Amino acid sequence: MRQNQLSRGALLLGGLLLPLLGAGCKNHLAFATSTKFGLDISQKANQTIDVTMGYQRVEAASIPVPADADATDTNDAYSVLGTFHVYYGDPFKQGENDGLHLKQFFATGMAARAAAGSANMRAAFGDAAAAIKVKQDTTKP
Amino acid sequence: VSTGWLIFAGCLALLPLVSGCVWRTQEADHLIGPAFYRLSQTAPGQADIVQTLHVPLLLEGGRQWGLSLGVVKRDAIVPGHPPQTPQPPPSSPPYGILTGVEPRKWHFTSVYFRAPLRETPLFIRRTVIGTQGGGGVEQRAFSLGYSSVTATWPREHALHELEFDSRHPLEAKAVVTPAADMETTPTPAPRNQ
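Sequences listed follow chains G and F, in order.
Counted from 1, the first sequence has number 12 at position 12 by my numbering; the numbering is strictly sequential.
If you want my numbering, it's the position in the second sequence, counting the first as 1, plus 1000.
These aren't lab readings, by the way, just hints derived from the structure by calculation.
Predicted model only: the values in this text are computed from it and were never measured.
Please note: incorrect hints may appear among the correct ones.
[Stated by the list, open to error] Only pairs whose alpha carbons sit at most 27 Å apart, straight line, appear in this in silico DSSO-like list of lysine-lysine: (1) F/Lys1073 - G/Lys93; (2) F/Lys1105 - G/Lys93; (3) G/Lys93 - F/Lys1173; (4) F/Lys1173 - F/Lys1105; (5) F/Lys1105 - F/Lys1073; (6) F/Lys1073 - F/Lys1173.
[What the hints assert, rightly or not] A partial selection of chain F residues facing chain G, derived with a Cβ cut-off under 8 Å: (7) Leu1144; (8) Val1149; (9) Thr1152; (10) Ala1158.
[Unchecked claim] Under 7 Å between C-beta atoms, here's a sample of chain G residues computed to sit facing chain F: (11) Ser42; (12) Leu102; (13) Ala111.
We put the CB at the ideal spot given by N, CA and C, even for glycine.
All chains, full assembly: derive it from the sequences and hints.
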């Protein structure tokens, strides 16, 4: 009887995990953050399955490069120029420093090339990075 | 018939009443069954934000499918485009049966609500307290406990500006400027954090 229950449990868990194994992985440029507490089994594109038990916090960027395709003057192999700022506080409170604060300013592909070649854009990216640094310095305990 | 079976049959009969379903497509999220939702004020050049809250059971299909048990909160942000650049065609207005569509207010739908998406969301935040399992474009995961995941899917060859504060999700800012229009668009001024 107990063995039957275990088998059913294994079948149910297997059924839930099957999508993870079977789902196709498509190349996507993506940025992600995650906060998990408990049991988590997940998979991101081009990565192996990740199993977490307990607490985990992740900030990740996935920048795939096309296979056998070099950048040209009119096509780009996924240049990315950007600034990212992520700040976590208590997710269940509403205070000024609680919750998730996210600020992203970035350019991809030909836009990244254009931004890198523009003085205004370079200044904007520099100012964004400076603002993040100031914020980091002022929130340090 | 034992009491256990009666309770089980009763729970089974009540299941459709508490089960929320969502069918996700590229053009819209179709909410079928009980769900809470909130929409941002639509304005030209600004992001459209759709917040949904499902308790206690959620079945999903379409681009993202799975089963969740507990509290599932999802914020989806469709980016705006600078006014100087070509605008994507406007989406059809939101539509609901026996429910409201007034922006910035929480509404409850028990039958059907359609949240249109002008284009694929740039940013999605999904918070689950309970258990979930499923797969699709948003994530492939099984979790038990607390899980809060955000994902940003940048457009190719474009400049992106995204600001999100989970305490005020409807105030989020998301603007995408295609590379071809960068010269005609003023350089975004980074705001203080």
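Holds or violated: F/Lys1073 to F/Lys1173, with C-alpha atoms at most 27 Å apart: holds (19 Å)
Pair hint outcome, G/Lys93 versus F/Lys1173 [Cα-Cα no greater than 27 Å]: With Cα atoms ~22 Å apart, G/Lys93 and F/Lys1173 stay inside 27 Å; holds.
Regarding the hint that G/Ser42 lies at the interface with chain F, is the smallest CB-CB distance below 7 Å? holds (4 Å)
Less than 8 Å between beta-carbons is the criterion; does F/Leu1144 satisfy it with respect to chain G? holds (4 Å)
Hint check: 8 Å Cβ-Cβ cutoff, F/Ala1158 to chain G: Because about 5 Å separates F/Ala1158 from the closest Cβ in chain G, which is inside the 8 Å limit, the hint holds.
For the pair we were handed, F/Lys1173 and F/Lys1105, check the Cα-Cα distance against 27 Å. Holds - the C-alpha atoms of F/Lys1105 and F/Lys1173 are around 18 Å apart, at most 27 Å.
Would the stated hint for F/Thr1152 survive a check requiring a Cβ distance to chain G of less than 8 Å? holds (4 Å)
Compare the distance between the alpha carbons of F/Lys1105 and F/Lys1073 with 27 Å, and conclude whether the hinted pair is satisfied. Judged against 27 Å, a Cα distance of about 15 Å means the pair holds.
With 7 Å as the cut and Cβ atoms as the points, is G/Leu102 at the interface with chain F? At 4 Å from the nearest chain F Cβ, G/Leu102 passes the 7 Å test, so the hint holds.
Within 27 Å, alpha carbon to alpha carbon, are F/Lys1073 and G/Lys93? Answer holds: F/Lys1073 to G/Lys93 is near 16 Å, not above 27 Å.
When the least beta-carbon distance from F/Val1149 to chain G is tested against 8 Å, hint result: Where the cut-off is 8 Å and the nearest Cβ of chain G is about 4 Å from F/Val1149, the hint holds.
For F/Lys1105 and G/Lys93, compute the direct alpha-carbon distance and say whether it is at most 27 Å. Judged against 27 Å, a Cα distance of about 21 Å means the pair holds.
No hint from the list above goes unmet by this structure.
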